[in-house]
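For what it's worth, our numbering labels the leading residue of the sequence shown as 301, then goes sequentially.
Possibly wrong hints are sitting among the right ones.
Label-pair distances were calculated between CB atoms; the ranges are [stated by the list, open to error]:
{"id": "1", "residue 1": "346", "residue 2": "432", "range": "24 to 34 Å"}
{"id": "2", "residue 1": "431", "residue 2": "311", "range": "49 to 59 Å"}
{"id": "3", "residue 1": "315", "residue 2": "432", "range": "41 to 51 Å"}
{"id": "4", "residue 1": "424", "residue 2": "314", "range": "37 to 47 Å"}
{"id": "5", "residue 1": "425", "residue 2": "398", "range": "17 to 27 Å"}
{"id": "6", "residue 1": "385", "residue 2": "347", "range": "15 to 25 Å"}
{"id": "7", "residue 1": "431", "residue 2": "385", "range": "20 to 30 Å"}
{"id": "8", "residue 1": "345", "residue 2": "316", "range": "36 to 46 Å"}
{"id": "9", "residue 1": "384", "residue 2": "432", "range": "36 to 46 Å"}
{"id": "10", "residue 1": "394", "residue 2": "434", "range": "47 to 57 Å"}
{"id": "11", "residue 1": "416", "residue 2": "313", "range": "30 to 40 Å"}
{"id": "12", "residue 1": "415", "residue 2": "364", "range": "40 to 50 Å"}
{"id": "13", "residue 1": "321", "residue 2": "434", "range": "37 to 47 Å"}
Distance condition first, Cα-Cα at most 20 Å in a straight line; then the derived EDC-like pairs of lysine to aspartate or glutamate [what the hints assert, rightly or not]:
{"id": "14", "residue 1": "411", "residue 2": "343"}
{"id": "15", "residue 1": "335", "residue 2": "412"}
{"id": "16", "residue 1": "411", "residue 2": "329"}
{"id": "17", "residue 1": "398", "residue 2": "412"}
{"id": "18", "residue 1": "401", "residue 2": "412"}
{"id": "19", "residue 1": "335", "residue 2": "420"}
{"id": "20", "residue 1": "433", "residue 2": "421"}
{"id": "21", "residue 1": "411", "residue 2": "429"}
{"id": "22", "residue 1": "432", "residue 2": "374"}
{"id": "23", "residue 1": "432", "residue 2": "421"}
{"id": "24", "residue 1": "384", "residue 2": "400"}
{"id": "25", "residue 1": "387", "residue 2": "425"}
{"id": "26", "residue 1": "376", "residue 2": "324"}
{"id": "27", "residue 1": "387", "residue 2": "374"}
{"id": "28", "residue 1": "411", "residue 2": "382"}
{"id": "29", "residue 1": "335", "residue 2": "421"}
{"id": "30", "residue 1": "432", "residue 2": "412"}
{"id": "31", "residue 1": "376", "residue 2": "405"}
{"id": "32", "residue 1": "384", "residue 2": "374"}
{"id": "33", "residue 1": "335", "residue 2": "325"}
{"id": "34", "residue 1": "384", "residue 2": "324"}
{"id": "35", "residue 1": "335", "residue 2": "400"}
{"id": "36", "residue 1": "376", "residue 2": "404"}
{"id": "37", "residue 1": "376", "residue 2": "400"}
{"id": "38", "residue 1": "398", "residue 2": "374"}
{"id": "39", "residue 1": "436", "residue 2": "425"}
{"id": "40", "residue 1": "376", "residue 2": "412"}
Think of the hints as simulated: they come from the structure by calculation, not from any bench.
Glycine is no exception: its CB is placed at the ideal position from the N, C-alpha and C atoms.
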Amino acid sequence: DLDKIYGIKKLPSNVTHHNRYVPDEELADMIRSTKMVVLPYRDATGSQTAQCAHYYAKPVIATNTGCFPEYVLDGKSGIIVDPKNSKQLSNAIIYLMKNEKKREEMGCNGKERLMELFTDEAMVDRYVETFKKMIKS
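Based on the sequences and whatever the hints tell you, model everything.
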């Protein structure tokens, strides 16, 4: 029972917890309507959730695991916390909830970085540069 483990029923009424696979369209709708995205993974390999949050200019609070530190620049596009550290997680959430300007700034930074690194045009440019370097070698 997740409530016994995580105390889900104790969450404030304006907080939604999902412990399941969320299809892309539903995920986009959720992210679009929120102030921030919190990804408290214990361990992970990859996830597109951080990039989706950045696409909608939402700051991300994520644990220092898997791909999150690559996508979320601590202090710039979100906040990285240690896995299983509820105090750090809580502090990060409270900080961003109290600082609308910082949330907006981090969200904009994430969107900007996403557009610099992951648009089709940016990816093609990097591939072309890689091929040019291979040819010169």
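Against the structure, the hints:
1. 346 with 432: 24 to 34 Å: Since the Cβ atoms of residue 346 and residue 432 sit about 28 Å apart, the hinted range of 24 to 34 Å holds.
2. 431 with 311: 49 to 59 Å: This hint holds: roughly 50 Å between Cβ atoms.
3. 315 with 432: 41 to 51 Å: holds (49 Å)
4. 424 with 314: 37 to 47 Å: holds (42 Å)
5. 425 with 398: 17 to 27 Å: violated (39 Å)
6. 385 with 347: 15 to 25 Å: holds (19 Å)
7. 431 with 385: 20 to 30 Å: Violated, since residue 431 and residue 385 (Cβ atoms, about 43 Å apart) do not stay within the stated range.
8. 345 with 316: 36 to 46 Å: violated (25 Å)
9. 384 with 432: 36 to 46 Å: Distance hint for residue 384, residue 432 holds at roughly 45 Å.
10. 394 with 434: 47 to 57 Å: holds (49 Å)
11. 416 with 313: 30 to 40 Å: Cβ of residue 416 to Cβ of residue 313: about 38 Å, so the range 30 to 40 Å holds.
12. 415 with 364: 40 to 50 Å: violated (25 Å)
13. 321 with 434: 37 to 47 Å: With a Cβ separation near 38 Å, residue 321 and residue 434 satisfy 37 to 47 Å, so the hint holds.
14. 411 with 343: With a Cα-Cα distance of about 25 Å, the restraint between residue 411 and residue 343 is violated, given a limit of 20 Å.
15. 335 with 412: holds (17 Å)
16. 411 with 329: Holds. Residue 411 to residue 329 sits at ~17 Å (cutoff 20 Å).
17. 398 with 412: violated (23 Å)
18. 401 with 412: Holds, at about 16 Å.
19. 335 with 420: Violated, at roughly 27 Å.
20. 433 with 421: Given that 20 Å is the threshold and the Cα spacing comes to 18 Å, the pair holds.
21. 411 with 429: violated (24 Å)
22. 432 with 374: violated (33 Å)
23. 432 with 421: Status holds; Cα separation ~16 Å.
24. 384 with 400: Violated, because 26 Å separates the two Cα atoms, which is more than 20 Å.
25. 387 with 425: violated (42 Å)
26. 376 with 324: violated (25 Å)
27. 387 with 374: Roughly 17 Å separates the two Cα atoms, so the pair holds.
28. 411 with 382: Not OK: residue 411 and residue 382 at ~24 Å, beyond 20 Å, violated.
29. 335 with 421: violated (29 Å)
30. 432 with 412: violated (27 Å)
31. 376 with 405: Status holds; Cα separation ~8 Å.
32. 384 with 374: Distance of about 17 Å is within 20 Å: holds.
33. 335 with 325: Holds, because 18 Å separates the two Cα atoms, which is no more than 20 Å.
34. 384 with 324: violated (26 Å)
35. 335 with 400: holds (9 Å)
36. 376 with 404: Cα-Cα ~11 Å, so holds.
37. 376 with 400: holds (14 Å)
38. 398 with 374: holds (18 Å)
39. 436 with 425: Satisfied, since the Cα-Cα distance of roughly 17 Å is no more than 20 Å.
40. 376 with 412: Status holds; Cα separation ~11 Å.
Of the numbered hints given earlier, the model fails hints 5, 7, 8, 12, 14, 17, 19, 21, 22, 24, 25, 26, 28, 29, 30, 34; all others are met.
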